[in-house]
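Engineer: Each chain, written out:
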Amino acid sequence: MRLALEAVSLSKTFRRWRRGREVRALSDVSFTVDAGAIFGLLGPNGAGKTTLVKVALTIAHADRGEVRLLGQSIRDRSVFSRVGYLPENPRFPLHLTAWQVLRLYGSLSGADMTAVERNASRWLERLDLARWSDMRVSKFSKGMNERLAFAQALVHDPELIFLDEPTDGLDPLARMEVRNICRELADQGKTVFINSHILAEIELICDRIALMKSGEIVEQGTISELTASRGGYELVAPAVDGLGHWLGEKSLTFAAVDGHFHVQLADRVSANALIDALRAKNIEIESLSVKRRTLESVFIERLSRE
Amino acid sequence: MTPTTPTLAELALFAAKIAMRPGIFIDTFQESFRNKMFWFFFVASSLVIGSIALALNLDVVNGVMRGVTFLGNEIRVRAFTVKQWVETLQAGLAMLIGTIGLCLALLATSTLFTQMVQKGSIDLLLCRPLSRWRVMTARFLGGASIMAFNAAYLFLGVWFVLGAKSRVWNQGFAFSTALAILGFVVLFSVVMMVSVITENAAAGLLAAYALLMFSPILAQHERITPAFSTELYRWIFRSVYWVVPKSAETIGAMRRLITDRPLEIGWAAGTSLVFALGCYVVTMVYFMRKDY
Numbered sequence: 001m002r003l004a005l006e007a008v009s010l011s012k013t014f015r016r017w018r019r020g021r022e023v024r025a026l027s028d029v030s031f032t033v034d035a036g037a038i039f040g041l042l043g044p045n046g047a048g049k050t051t052l053v054k055v056a057l058t059i060a061h062a063d064r065g066e067v068r069l070l071g072q073s074i075r076d077r078s079v080f081s082r083v084g085y086l087p088e089n090p091r092f093p094l095h096l097t098a099w100q101v102l103r104l105y106g107s108l109s110g111a112d113m114t115a116v117e118r119n120a121s122r123w124l125e126r127l128d129l130a131r132w133s134d135m136r137v138s139k140f141s142k143g144m145n146e147r148l149a150f151a152q153a154l155v156h157d158p159e160l161i162f163l164d165e166p167t168d169g170l171d172p173l174a175r176m177e178v179r180n181i182c183r184e185l186a187d188q189g190k191t192v193f194i195n196s197h198i199l200a201e202i203e204l205i206c207d208r209i210a211l212m213k214s215g216e217i218v219e220q221g222t223i224s225e226l227t228a229s230r231g232g233y234e235l236v237a238p239a240v241d242g243l244g245h246w247l248g249e250k251s252l253t254f255a256a257v258d259g260h261f262h263v264q265l266a267d268r269v270s271a272n273a274l275i276d277a278l279r280a281k282n283i284e285i286e287s288l289s290v291k292r293r294t295l296e297s298v299f300i301e302r303l304s305r306e
Numbered sequence: 001m002t003p004t005t006p007t008l009a010e011l012a013l014f015a016a017k018i019a020m021r022p023g024i025f026i027d028t029f030q031e032s033f034r035n036k037m038f039w040f041f042f043v044a045s046s047l048v049i050g051s052i053a054l055a056l057n058l059d060v061v062n063g064v065m066r067g068v069t070f071l072g073n074e075i076r077v078r079a080f081t082v083k084q085w086v087e088t089l090q091a092g093l094a095m096l097i098g099t100i101g102l103c104l105a106l107l108a109t110s111t112l113f114t115q116m117v118q119k120g121s122i123d124l125l126l127c128r129p130l131s132r133w134r135v136m137t138a139r140f141l142g143g144a145s146i147m148a149f150n151a152a153y154l155f156l157g158v159w160f161v162l163g164a165k166s167r168v169w170n171q172g173f174a175f176s177t178a179l180a181i182l183g184f185v186v187l188f189s190v191v192m193m194v195s196v197i198t199e200n201a202a203a204g205l206l207a208a209y210a211l212l213m214f215s216p217i218l219a220q221h222e223r224i225t226p227a228f229s230t231e232l233y234r235w236i237f238r239s240v241y242w243v244v245p246k247s248a249e250t251i252g253a254m255r256r257l258i259t260d261r262p263l264e265i266g267w268a269a270g271t272s273l274v275f276a277l278g279c280y281v282v283t284m285v286y287f288m289r290k291d292y
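These protein sequences, in sequence, are chains G and Y. According to our numbering, the first sequence is numbered sequentially starting from 1. According to our numbering, the second sequence is numbered sequentially starting from 1.
Check each hint, because a few of them may be wrong.
EDC-like cross-link-like pairs, simulated, lysine to aspartate or glutamate; straight-line CA separation at most 16 Å [to be verified]: (1) G:Lys250 / G:Glu225; (2) Y:Lys119 / G:Glu88; (3) G:Lys213 / G:Asp28; (4) Y:Lys83 / Y:Asp59; (5) Y:Lys290 / G:Asp63.
In case anyone wonders, no lab produced these hints; they're calculated from the structure.
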């Protein structure tokens with residue numbers, strides 16, 4: 001599998017000389033992102049997500065470690081002509097119109113200007129900004145600015161796109177459009193790297209995610225890998241006489257719903273033991289299901305653990 | 001992951017690369033055209049040129065000034081030759097431009113660097129296939145070019161209008177444009193260094209103004225230093241004089257160039273340029289290592 005991003009042992013410490021303080025933003029971070037995937041980086045504020053993206057884009061410098069984008073070391077700056085970036089709180093030159101903004105950043109990315117202008121028209125139309133293409137960005141609302149920043153990240157037709165809080169300040173329709181565009185880009189073989197703390201967004205669009213805490217990647221995988229088998233099992237059986245009392249004696253957690261007991265089981269071993277015991281009592285089992293946790297519960301559990 | 005400083009060969013190729021990818025350079029121009037201070041400077045220059053062209057009348061008899069009227073009011077002049085009168089006027093204008101004009105030019109361009117390095121704006125530049133020194137150098141050259149354009153417009157405009165009116169084509173005044181640009185570029189490099197490091201335009205401007213204000217005092221070091229009580233103080237004062245830009249000498253050289261006296265600017269221009277180069281190198285080293 002071709003890799004869009006490869007981070008090896010990245011470390012970064014911010015030092016405030018005058019106050020003698022040190023903040024460890026990245027601690028030996030290593031991970032990869034496959035080409036053509038939508039990858040989500042999750043973590044609480046101050047986890048090091050933005051620092052990680054900035055190091056990958058050379059906006060900040062790592063103390064140690066190496067980053068390769070699209071198979072090329074970031075020391076070779078030519079790779080950035082194939083990379084797009086939507087920063088958090090983007091700020092454009094206020095004297096420019098939306099059209100001029102896209103032309104400026106397209107040209108700085110070294111793209112062919114005919115292609116840049118064609119893409120600029122396309123993205124302004126798609127992101128509902130075409131009507132305001134000749135308006136100065138100083139008059140833009142936060143949502144319009146955010147949509148323009150998204151267009152700016154795509155105007156030079158990059159293969160790898162970093163989006164830092166891409167739906168921040170957008171209305172629900174615009175959020176959906178951003179999600180649709182991300183999916184389309186991935187379908188075209190482009191890689192989308194999303195940095196966010198909005199779990200619902202990540203859950204909806206990402207193929208793989210990584211959880212970050214205190215400068216370290218603490219978990220990574222597909223959403224189903226991260227959420228599956230983590231909530232244990234739920235067994236449903238008819239609420240026959242005496243079963244409630246028996247379950248209570250076994251210290252099992254259960255609830256009575258519509259004439260059935262819903263029994264919560266921590267793992268596969270206890271699920272099998274209960275099945276054997278119920279079958280020995282000649283009680284029929286209605287259903288047994290793997291309880292999937294939400295990404296939110298995984299996030300809270302994993303990141304609150306010391 | 002530590003960035004490298006540019007080599008001379010890279011610097012030499014930079015002008016050609018600007019021509020190929022002029023984004024930041026042109027954007028600096030556009031930003032300045034939208035900047036009201038820039039237009040104020042431009043309009044003020046136009047007013048100076050326009051008032052000389054339309055409201056100044058010279059009464060010349062046999063190559064000697066008999067009288068001058070400005071906006072219809074008679075200005076009494078001694079029996080100068082036309083050449084002497086034009087040189088005196090040009091020297092006065094050069095002094096004015098070299099001080100007030102320079103202050104206005106620095107004020108008009110002082111925010112160029114802080115606007116570029118502010119959060120959200122710098123990220124959009126540093127993620128491009130451009131090295132950091134190119135980003136900053138393009139910004140510096142953009143700002144310097146705008147003011148070079150304005151200085152050339154004012155000096156050459158005044159030179160042309162006065163020449164057409166008096167038939168005295170004093171090349172020294174036209175050439176003094178280069179000294180005005182030198183004076184600006186040197187102090188502009190101070191604005192760049194201080195405002196990039198402090199991320200504060202006012203700090204950069206104040207640093208440049210302080211150097212401009214103290215320059216005439218430092219220029220008198222030969223008269224002042226004997227008054228110091230110890231050799232150490234004399235050495236410190238002389239060292240400061242040699243290190244910092246010599247704006248007062250540059251303005252004085254403009255006057256000498258206009259009045260056709262020996263220029264004697266080599267050492268002052270040289271040490272000022274070395275100072276500007278020092279500011280440039282410090283800015284580049286800081287900017288290339290800085291985490292944004």
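Engineer: Hint by hint, note whether the structure agrees.
Structural biologist: Right, here's what the structure says about each hint:
Between Lys250 (chain G) and Glu225 (chain G) the alpha-carbon distance is near 31 Å, which puts this suggested pair outside the 16 Å criterion. Straight-line distance between C-alpha atoms of Lys119 (chain Y) and Glu88 (chain G) comes to about 9 Å, which keeps the hinted pair within the 16 Å bound. Of the pairs offered as hints, the one joining Lys213 (chain G) and Asp28 (chain G) holds, with about 12 Å between alpha carbons and a cut-off of 16 Å not exceeded. Between the alpha carbons of Lys83 (chain Y) and Asp59 (chain Y) the distance comes to roughly 13 Å, so the proposed pair stays at or under 16 Å and holds.
A threshold of 16 Å between alpha carbons decides the hint, and for Lys290 (chain Y) with Asp63 (chain G) the separation of about 12 Å falls inside it, so the pair holds.
Checked against the numbered hints above, the structure breaks only hint 1 and satisfies the rest.
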